[in-house]
Amino acid sequence: MNSPAIETAGLIKTFGDNRAVDGVDLTVPPGTVYGLLGPNGAGKTTVVRMLATLLRPDGGTARVFGHDVVREADAVRSRVSLTGQYASVDEDLTGSENLVLLARLLGYSKPQARERAAQLLAAFGLTDAADRQVKKYSGGMRRRIDIGASILNTPDLLFLDEPTTGLDPRSRNQVWDIVRIVVANGTTVLLTTQYLDEADQLAGRIAVIDHGRVIAEGTPGELKSSIGAGTVHVRLRDAAQRPEAERVLAAALRTTVQQGSDPVALTARAEAGGSERGAAELASRALAQLASAGIVVDDFSLGQPSLDEVFLALTDRPTQPAEEAVA
Amino acid sequence: MTTTTVTPEAVTAYAPSRETLSAVLTRGERPRRPSALSASTTFGWRAILKIKHVPEQLFDVTAFPIIMTLMFTYLFGGALAGSTREYLQFFLPGIMVTSVVMITMYTGVGLNTDIEKGVFDRFRTLPVWRPAALVGMIFGDVLRYILAATTIMIVGLILGFRPGGGFLGVVGGIALLVVFSFAFSWIWTMFGLFLRSEKSVMGVSMLVLFPLTFLSNVFVDPRTMPGWLQAFVEVNPISHLVTAIRSIMAGTPDMTEMMWTLIASALLILVFGTLTMRLYNRK
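Going down the list, the sequences are from chains A and B. The first sequence maps to residues 1 to 327 in the working numbering. The second sequence maps to residues 1 to 283 in the working numbering.
Simulated from the structure, these hints should not be mistaken for laboratory data. Note that beta-carbon positions come from the ideal geometry of N, C-alpha and C, so glycine has one too. Just so you know, not all the hints are guaranteed correct.
Per label pair, the in silico range of CB-to-CB distance [claimed, not checked]:
#1 A:P39 <-> B:I154: 56 to 62 Å
#2 A:G166 <-> B:I263: 38 to 44 Å
#3 A:D17 <-> B:S197: 54 to 60 Å
#4 B:W228 <-> A:D17: 53 to 59 Å
One-sided excerpt, in silico: chain B residues whose CB lies under 8 Å from chain A [stated by the list, open to error]:
#5 S22
#6 V24
#7 L25
#8 R32
#9 A39
#10 R46
#11 I48
#12 Q57
#13 T84
#14 R85
#15 D121
#16 P222
#17 R223
#18 P226
#19 R278
#20 R282
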């Protein structure tokens, strides 16, 4: 496979006056997980729908394994699978019926389809639920039957559109594990997500999307170092000590400190020179300095930057987003 | 469901296993792409499964036709033909056409609700013959048309309808009706894709169906109608269909009317099938 799994240039989609996708350039190498990170309405799903041949682009080009998504839609369809934001299975049908139906549509004979469905149900721990309607499944089970349906024919490229939105943490971890196994077997995954954490866990590279544009692109490490490795939250015992604590923290972390609305809370971004360990070291040093200054700390935490923080950091900069786009 | 029910997931937590998952992620030879007919019948099977899981939807194709038949037979029978029994000989094929043609609109309503769900996204990313999902859906609806027609025929026979063409005449008449209804359904698939909500599909359907079925020769002989209305009734394909079915059921098949009905069916599929597929591919 010489051609990239996905290659788009100047991809555009407008809905009325709204430019949902406004000139997106992406290159996704085969065999990797690529994350599209952005808030609701950023245009992630629209990009996926164009790549999956569900929507026609209004401008630019998109190729999947070298095949144009408009002119060679059937060639694209034979290599991709889509797991949509909402369960892409028939809720009225049972889990088993769904898989047999899709297997038949892929050309399996009736006995082969039944056998393949049984295999997949077993692999996804759904054998007991095989004869239950999908609408009676839990959120995690739905996701699994959905992914199972997507790998009836193991695709070369799998689109996962917000696969863990609305899932409890355990189901989310299950989905992550499944994605890792699927990728280890050679499938390329395009993942859209609202959670930096998820993109960080799974993706080799991430494109941050806002208002239909790529505003930053890189490995998770590169992205995080560009916005600071984390956020330090401190709660003091005594509100009167806050001004002094603020001064100590600002000096130790070499950054500005924000006072929370809570009179004992302080928040600061840890601008470490890249790696997360750097941020942790910097934060622990700050904690030690607070202690030696006689300031009593009730609670202390170092969090990963949230998507909000990524966004603030990326969109607050004076440079225009377009200039930051790296293809 | 009782409150003590525990989902299996809660009992045995699922843990994705690398071995079992890798085993199903095979990259062996893929089956060959199914034929257009095979893909369409698979989608038809889906429609039957939906009827199996949601049998309430059959209410439309049983209760509604029975009410239509009873209502109009007793409402008009005495006044128009002297007795309900007399009227039925004229009226039954017509009310059968009216009921079944009205039921075709559920194709559009059903498609409109179905396509909003994620499952259609998956269907549309499958490398199968493009119209298969819609053709299969209408195959399923054809079953409903047959059920509705049979229901009306049984009610008619009980009330005293006596077809001169016998069993074969009845089967032939229903067959022609099903062919026409299959073709007619493509109007609704177009609206189902084109309009935004289920309600607007219903609204447009009514607007089309009421004039088309009532301004025909279903209820009365058009000879008493004003000239301009007779002109409409004359070209209305429903009138041709009704005349053809009456003749088949009476045992004296009218080849010209049958031919017109088949031509109308072919045109409907050609025009609305094409428009539907254009919308389907673009959506």
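Here is how each hint holds up against the structure:
no., hint, result
1, A:P39 <-> B:I154: 56 to 62 Å, "holds (59 Å)"
2, A:G166 <-> B:I263: 38 to 44 Å, "violated (53 Å)"
3, A:D17 <-> B:S197: 54 to 60 Å, "violated (22 Å)"
4, B:W228 <-> A:D17: 53 to 59 Å, "violated (46 Å)"
5, S22, "holds (6 Å)"
6, V24, "holds (5 Å)"
7, L25, "holds (4 Å)"
8, R32, "holds (5 Å)"
9, A39, "holds (6 Å)"
10, R46, "holds (6 Å)"
11, I48, "violated (11 Å)"
12, Q57, "violated (10 Å)"
13, T84, "violated (41 Å)"
14, R85, "violated (43 Å)"
15, D121, "holds (5 Å)"
16, P222, "violated (44 Å)"
17, R223, "violated (49 Å)"
18, P226, "violated (46 Å)"
19, R278, "violated (12 Å)"
20, R282, "holds (7 Å)"
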